[in-house]
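Undergrad: What follows is each chain in one-letter form.
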Amino acid sequence: MADLRIKIGKMLWKNPVTVASGTFGLEFAELFDLSKLGAIVTKTITLLPKPGNEPPRLAETEAGLLNSIGLQNPGLENFIKNDLPEYQKFDTNIIVSISGSSITEFSKVIKNLDKQPNIDGYEINISCPNVENEGIAFGIDKGIVYNLISHLRKITERTIIVKLTPNVTSIEEIAKAAEKGGADVLSLINTVYGMAIDIETRKSKTKNVIAGYSGIGIKPIAIQNVFRVAKVVKIPIIGMGGIRNISDALEFIIAGSSAIAVGTQNFVNPFATLDIIQGLEKYLNEQKIHYHDLIGSVR
Amino acid sequence: MPYKLLPIFKKELINNKYFIITFSDYEMADQCHPGQFFRLKNPQQNFPILPRPFSVNNIQDKQTSFLIKIVGESTKNLFETKIGENISLHGPLGNGFKIARNKKVLIVSGGIGYAPFPFLLKKLEKAKDEIVFFHGGKSSDDIFSANVINFTEDGSVGKKGLVTDGVEQFLQKNQVDIVYACGPQIMLKKLTEICKQFNVDLQVSLETIMACGIGVCCGCAIRIVENGKMVYKKVCKDGPVFDGYTVVWDE
Ligand SMILES: Cc1cc2nc3c(=O)[nH]c(=O)nc-3n(C[C@H](O)[C@H](O)[C@H](O)COP(=O)(O)OP(=O)(O)OC[C@H]3O[C@@H](n4cnc5c(N)ncnc54)[C@H](O)[C@@H]3O)c2cc1C
Ligand SMILES: Cc1cc2nc3c(=O)[nH]c(=O)nc-3n(C[C@H](O)[C@H](O)[C@H](O)COP(=O)(O)O)c2cc1C
Ligand code: FES
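Residue numbers (my numbering), protein chains in the order written: chain A, 1 to 299; chain B, 1 to 251.
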């Protein structure tokens, strides 16, 4: 049997397959044993509860999904009380995705979570507006990314994953800033800005006019981002964006991802992650190649 | 909520733009409650991407059926999938209707909003309710049964006019304990105003676009008034059935 184990930051994963934040939850435990995953990434949580954006929040397009959920979440305290104990029951790495509107807010969340056992890493969602810098997204300025990550690095020993947005001029610059700041891992990509219009009403199909585009339509965009980032950083990459099956996953791995995450496809085939784990074993056996040698092996 | 691949057992076109699709599975039939829904998709079809939600229309002889209106690609594709071919079914999902016992009940449906009621009707009959069923459509194409009181906008079948006008007249003369309703937002909104005048309990089944169907993505949010405050609820998990008086209707 092929060895699928891999070190991701300070964590050891039993296989390189996880889920994309916001597209997965404990509800899936009714369908399969979540311990089979290399890691579970939670929905993004913030210090205080967030009600989310006004509906409608979803629109399906020709080749993907638009969403403007607005980071709806129960807040740190409720998460620790209600959700975390449930996640901790699974024999896998638990990664908590967090967001905030200031460095102070991010710090408070991590300080609190660091007191909780059985959390293996944090994924820092930097696609959100930063109130300290006129509301521009953290993730689009390399100086802000460096400041944020180097600050968080001093607070926690646990694995820090920085999740990159593709909506920037140079993703390499942001990736390097995160690595320099002390990130252990990068994950990419978050959703691509998108919009769809109802031609009868002439309104945007989502109430929040600009939405986040995900699913198969963004796969080539994501792969080229992984490819570019892999060339300029030494830390591992968790690749995502439109992955539906083993062949999609393999493209990401060959482009330079050490692990992959399934997002929108969880809504279509909730067993997609399991299918990919199986497919990966089969591929490695057939090709007689070690997993580590496959990563970034694009010719 | 299991996820199953089942072959289409039966399929029947109705009035040219609707069809009933039936699956035979004992376990599934036993789990369903009226007002719950399933997410259906032909796994061979890549686009549209998401499985789409459909209410349980009826359970008969351990067979589960769905009444579907052909409105776009997914519904067209489900219709064109042949008997014996597999469909993925995820469900039953959602809360469903609360069954009243020994009560005077009025069912009100508009168009494809008829879908969940044949199954509910069965359970209400078992619960010894006294039932009146009003259904409205644009024309005879939108009428599904001669055993209910039908309204059409063009007068081609039943009474001419809107089903809500019929309800208002009915409530003026008859005492009713509870109304169950499903249909277009505009009908449900009007019905809420009417029921309020007569102080009748109201359960409405709502529709939104859904991605996950199980409460994960928060994509199906609607506005509900809870303890005097507006909050977002998930149609897939907290609903699709809500107390009509708590819903904040779109303008
Ligand atoms: C709880 C619930 C129960 C439903 N029960 C029934 C039923 O019993 N019978 C029936 O015919 N229809 C039912 N619907 C509506 C049905 O889901 C849509 O008609 C269907 O998704 C349309 O798909 P399409 O590809 O054919 O059309 P599309 O071209 O995709 O869209 C046509 C319309 O369908 C709606 N729609 C689009 N995407 C979605 C989505 N992802 N989820 C939900 N609605 C969407 C939109 O209002 C859109 O304008 C129900 C919806 C919900 C939420
Ligand atoms: C409904 C929905 C909700 C999401 N919520 C979050 C979130 O809370 N935090 C986050 O970092 N990314 C979120 N994302 C982005 C995904 O994690 C992922 O980066 C993106 O969807 C690309 O992957 P995919 O094409 O496989 O879905 C969300 C995506 C979707 C579709
Ligand atoms: S459809 Fe995902 S939460 Fe309701």
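Incorrect hints may have been included.
Unchecked claim - 20 angstroms max Cα-Cα, derived SDA-like pairs, lysine to any residue: (1) K231(A) <-> I254(A); (2) K219(A) <-> F47(B); (3) K205(A) <-> E207(B); (4) K81(A) <-> T81(B); (5) K190(B) <-> V132(B); (6) K237(B) <-> C32(B); (7) K233(B) <-> G52(A); (8) K160(B) <-> D177(B); (9) K207(A) <-> D250(B); (10) K4(B) <-> E27(A); (11) K229(B) <-> S204(A); (12) K237(B) <-> I254(A); (13) K237(B) <-> M1(A); (14) K98(B) <-> K76(B); (15) K50(A) <-> Q203(B); (16) K173(B) <-> D141(B); (17) K4(B) <-> V132(B); (18) K98(B) <-> K4(B); (19) K98(B) <-> V200(B); (20) K205(A) <-> V200(B); (21) K282(A) <-> M1(A); (22) K17(B) <-> C32(B); (23) K233(B) <-> R158(A); (24) K234(A) <-> K282(A); (25) K231(A) <-> S170(A); (26) K207(A) <-> K98(B); (27) K207(A) <-> T208(B); (28) K205(A) <-> E73(B); (29) K4(B) <-> F271(A); (30) K237(B) <-> P74(A); (31) K205(A) <-> K98(B); (32) K237(B) <-> N78(A); (33) K237(B) <-> D83(A); (34) K76(B) <-> T22(B).
By construction, these hints were calculated from the structure, which means they are not laboratory data.
Undergrad: Each hint should be assessed against the structure and marked as holding or not.
TA: Status of the hints after comparison with the structure:
Straight-line distance between C-alpha atoms of K231(A) and I254(A) comes to about 12 angstroms, which keeps the hinted pair within the 20 angstroms bound. As the CA atoms of K219(A) and F47(B) are separated by approximately 15 angstroms, the hinted pair is consistent with the 20 angstroms bound. Of the supplied pair hints, the one linking K205(A) and E207(B) holds, its CA atoms being roughly 16 angstroms apart against a limit of 20 angstroms. Our distance criterion of 20 angstroms between C-alpha atoms is broken by K81(A) and T81(B), whose separation comes to about 46 angstroms.
Simply put, K190(B) and V132(B) have alpha-carbon atoms about 19 angstroms apart, close enough for the 20 angstroms limit, and the pair holds. A hinted pair counts as satisfied when its Cα atoms are at most 20 angstroms apart, and K237(B) with C32(B) qualifies at roughly 15 angstroms. For the hint linking K233(B) to G52(A), the alpha-carbon distance of about 11 angstroms falls within 20 angstroms, and the restraint holds. With a C-alpha separation of about 26 angstroms, the suggested pair K160(B) and D177(B) falls outside the 20 angstroms cut-off, and the hint is violated.
Taken as a hint, the K207(A) and D250(B) pair is honoured in the structure, with Cα atoms around 12 angstroms apart against an allowance of 20 angstroms. Simply put, K4(B) and E27(A) have alpha-carbon atoms about 17 angstroms apart, close enough for the 20 angstroms limit, and the pair holds. Distance restraint check for K229(B) and S204(A): the Cα-Cα separation of roughly 27 angstroms exceeds the 20 angstroms cut-off, and the hinted pair is therefore not satisfied. For a cut-off of 20 angstroms, the pair hint linking K237(B) to I254(A) is broken: about 39 angstroms separates their Cα positions.
Proposed proximity of K237(B) and M1(A) is contradicted: the alpha carbons are some 40 angstroms apart, above 20 angstroms. For the hint pairing K98(B) with K76(B), the CA-to-CA distance comes to about 32 angstroms; that exceeds 20 angstroms, so the pair is violated. For the suggested pair K50(A) and Q203(B), the alpha carbons sit about 28 angstroms apart, so the restraint of at most 20 angstroms is broken. Taking the CA atoms of K173(B) and D141(B), the gap is about 30 angstroms. The hint is violated against a cut of 20 angstroms.
With a CA separation close to 36 angstroms, the supplied pair K4(B) and V132(B) exceeds the 20 angstroms bound. Our distance criterion of 20 angstroms between C-alpha atoms is broken by K98(B) and K4(B), whose separation comes to about 26 angstroms. Distance check on the hinted pair: K98(B) and V200(B) sit about 15 angstroms apart at the alpha-carbon level, within 20 angstroms; holds. Note on K205(A) and V200(B): the hinted pairing is violated, with a Cα-Cα distance of about 35 angstroms set against a maximum of 20 angstroms.
As the CA atoms of K282(A) and M1(A) are separated by approximately 9 angstroms, the hinted pair is consistent with the 20 angstroms bound. A threshold of 20 angstroms between alpha carbons decides the hint, and for K17(B) with C32(B) the separation of about 26 angstroms lies outside it, so the pair is violated. With a C-alpha separation of about 35 angstroms, the suggested pair K233(B) and R158(A) falls outside the 20 angstroms cut-off, and the hint is violated. The suggested pairing of K234(A) with K282(A) is violated, with an alpha-carbon distance near 28 angstroms, which exceeds 20 angstroms.
In summary, the hint linking K231(A) to S170(A) is supported, as the alpha carbons are separated by about 13 angstroms, within the 20 angstroms threshold. A C-alpha spacing of about 32 angstroms is found between K207(A) and K98(B), which places the hinted pair above 20 angstroms, so the restraint is violated. A distance of roughly 13 angstroms separates the Cα atoms of K207(A) and T208(B); the hinted pair therefore holds under the 20 angstroms criterion. At roughly 18 angstroms between alpha-carbon atoms, K205(A) and E73(B) fall within 20 angstroms of each other, so this suggested pair holds.
Under the criterion of a C-alpha separation no larger than 20 angstroms, the hint pairing K4(B) with F271(A) is consistent with the structure, at around 12 angstroms. Under the criterion of a C-alpha separation no larger than 20 angstroms, the hint pairing K237(B) with P74(A) is consistent with the structure, at around 16 angstroms. At roughly 33 angstroms between alpha-carbon atoms, K205(A) and K98(B) are farther apart than 20 angstroms, so this suggested pair is violated. The straight-line distance between the Cα atoms of K237(B) and N78(A) is roughly 19 angstroms, inside the 20 angstroms bound, and the hint therefore holds.
For the hint pairing K237(B) with D83(A), the CA-to-CA distance comes to about 17 angstroms; that is within 20 angstroms, so the pair holds. A hinted pair counts as satisfied when its Cα atoms are at most 20 angstroms apart, and K76(B) with T22(B) qualifies at roughly 16 angstroms.
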